[in-house]
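Residue-level listing of the chains:
Protein chains: 2
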Amino acid sequence: MRVLVPFDARDPKTRLAPVLDGAQRRAFADATLADVLETLAAAGHEPTVLATAPVDCEAPVAVDERPLTPAVNAALTGSELPVAVVMADLALLTEATLERLMEPDAEVVAAPGVGGGTNALVVRHPEFRVDYHGVSFRDHCERARACGASLATVDSFRLAADIDEPSDLVELLLHGEGRARQWLLGAGFELVERDDRAIARRQDETG
Amino acid sequence: MRVLVPFDARDPKTRLAPVLDGAQRRAFADATLADVLETLAAAGHEPTVLATAPVDCEAPVAVDERPLTPAVNAALTGSELPVAVVMADLALLTEATLERLMEPDAEVVAAPGVGGGTNALVVRHPEFRVDYHGVSFRDHCERARACGASLATVDSFRLAADIDEPSDLVELLLHGEGRARQWLLGAGFELVERDDRAIARRQDETG
Chain A
1 MRVLVPFDAR
11 DPKTRLAPVL
21 DGAQRRAFAD
31 ATLADVLETL
41 AAAGHEPTVL
51 ATAPVDCEAP
61 VAVDERPLTP
71 AVNAALTGSE
81 LPVAVVMADL
91 ALLTEATLER
101 LMEPDAEVVA
111 APGVGGGTNA
121 LVVRHPEFRV
131 DYHGVSFRDH
141 CERARACGAS
151 LATVDSFRLA
161 ADIDEPSDLV
171 ELLLHGEGRA
181 RQWLLGAGFE
191 LVERDDRAIA
201 RRQDETG
Chain B
1 MRVLVPFDAR
11 DPKTRLAPVL
21 DGAQRRAFAD
31 ATLADVLETL
41 AAAGHEPTVL
51 ATAPVDCEAP
61 VAVDERPLTP
71 AVNAALTGSE
81 LPVAVVMADL
91 ALLTEATLER
101 LMEPDAEVVA
111 APGVGGGTNA
121 LVVRHPEFRV
131 DYHGVSFRDH
141 CERARACGAS
151 LATVDSFRLA
161 ADIDEPSDLV
171 ELLLHGEGRA
181 RQWLLGAGFE
191 LVERDDRAIA
201 RRQDETG
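In the order they appear, the protein sequences are chains A and B. Sequential numbering from 1 applies to the first sequence in this note's numbering. Sequential numbering from 1 applies to the second sequence in this note's numbering.
Read the hints as simulated data drawn from the structure, not as lab findings.
Computed, partial: chain B to chain A, Cβ under 8 Å:
{"id": "1", "residue": "Pro112"}
{"id": "2", "residue": "Gly116"}
{"id": "3", "residue": "Val135"}
{"id": "4", "residue": "Phe137"}
{"id": "5", "residue": "Arg138"}
{"id": "6", "residue": "Ser156"}
{"id": "7", "residue": "Arg158"}
{"id": "8", "residue": "Leu174"}
{"id": "9", "residue": "Leu191"}
{"id": "10", "residue": "Glu193"}
Computed beta-carbon distance windows for the label pairs:
{"id": "11", "chain 1": "B", "residue 1": "Ala187", "chain 2": "A", "residue 2": "Arg15", "range": "26 to 36 Å"}
{"id": "12", "chain 1": "B", "residue 1": "Ala27", "chain 2": "A", "residue 2": "Ala96", "range": "31 to 41 Å"}
{"id": "13", "chain 1": "B", "residue 1": "Glu142", "chain 2": "A", "residue 2": "Arg15", "range": "25 to 35 Å"}
{"id": "14", "chain 1": "A", "residue 1": "Pro82", "chain 2": "B", "residue 2": "Ala96", "range": "20 to 30 Å"}
{"id": "15", "chain 1": "B", "residue 1": "Arg202", "chain 2": "A", "residue 2": "Pro82", "range": "36 to 46 Å"}
{"id": "16", "chain 1": "A", "residue 1": "Gly188", "chain 2": "B", "residue 2": "Pro67", "range": "26 to 36 Å"}
{"id": "17", "chain 1": "A", "residue 1": "Gln182", "chain 2": "B", "residue 2": "Glu127", "range": "30 to 40 Å"}
{"id": "18", "chain 1": "A", "residue 1": "Pro18", "chain 2": "B", "residue 2": "Arg202", "range": "26 to 36 Å"}
{"id": "19", "chain 1": "A", "residue 1": "Gly188", "chain 2": "B", "residue 2": "Val63", "range": "39 to 49 Å"}
{"id": "20", "chain 1": "B", "residue 1": "Thr69", "chain 2": "A", "residue 2": "Glu65", "range": "46 to 56 Å"}
{"id": "21", "chain 1": "A", "residue 1": "Ser167", "chain 2": "B", "residue 2": "Arg202", "range": "16 to 26 Å"}
Beta carbons are placed, not taken as given, at the ideal position from N, Cα and C, and that holds for glycine.
Take these sequences, add in the hints, and give me the full structure.
Below is the structure:
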């Protein structure tokens with residue numbers, strides 16, 4: 001399937017600023033993007049990176065400087081269907097997860113992110129357009145109904161767990177398998193148990 | 001399938017203390033337990049609540065005052081297999097999710113929680129015992145291998161999303177369907193959009 005992979009090539013992963021500086025965030029985002037592209041290609045899909053600036057990666061890149069919503073909608077307009085939209089920060093993505101995303105025979109398939117975002121979509125209806133502002137998962141479900149499209153949702157932790165905040169790094173250390181996890185380990189992060197919960201900590205930190 | 005549902009009947013959901021007082025946490029925990037029991041029964045399973053004190057609910061209750069790990073292991077010992085262990089705070093549980101948990105033909109089936117816990121298990125191997133301390137999902141996978149049991153994991157957001165902390169309430173308001181969500185709405189919680197993210201807030205709060 002054709003897959004759009006939106007990527008913020010300018011200032012990615014700003015919510016990781018408490019633990020990573022700008023250059024580190026960019027390197028981490030690049031590693032995550034590489035993981036997502038590799039998984040998509042291994043599963044036989046055709047990813048195109050939809051980036052806000054040129055980016056060096058193993059897939060064709062379409063540069064669109066606009067915010068996420070208008071950039072994705074411009075790419076959807078006139079595109080051959082189906083098209084999937086898979087976020088570049090899904091560091092836990094596997095081929096099996098992609099299979100579950102692509103499998104439902106519905107005109108819109110949506111996978112929620114933690115906190116109400118939409119981390120993956122499959123669009124088979126020509127009138128469906130995205131709106132990533134706010135609680136977009138709920139909005140995308142309503143938009144599918146509004147344009148008469150059949151709707152399926154995908155219940156997947158690997159699709160829900162985008163790596164946005166320092167606390168999300170735990171999931172990547174625990175369940176990741178690719179470059180992004182290796183990058184984190186190389187940067188000195190490790191999983192430690194604290195009060196019966198896991199936290200991701202740099203080896204030079206105490207506490 | 002026989003299903004153990006461990007439930008802290010004494011001081012449940014302590015990490016919700018910033019937003020709910022003791023009586024409210026207990027009422028909320030009871031509503032969530034009722035949802036979990038109803039979903040299990042609707043799917044044809046036989047839940048037993050494994051509680052730290054007597055509790056009034058729609059299932060048989062076995063009282064064991066010990067901590068979670070020894071209480072579950074005592075219940076596993078000598079029990080007819082298979083047995084599932086499903087946490088009482090899985091407020092997003094659905095029959096379809098349970099089907100995915102019960103489906104794999106493996107001697108141990110484990111579903112991770114956010115942060116590395118183990119939110120659901122199916123045990124078909126007589127030597128497997130639990131240890132919920134720390135990063136238990138990783139430990140349970142290792143324990144399954146150590147006793148020679150075949151292992152499957154379940155990739156489900158609905159099984160991963162236990163409602164432990166105030167920020168988790170967003171998921172319940174967005175994706176819940178039962179009494180726990182109704183209880184939250186009745187207590188004045190609502191979903192609001194803030195800086196492109198959803199938060200759960202009481203209607204009398206500002207900010």
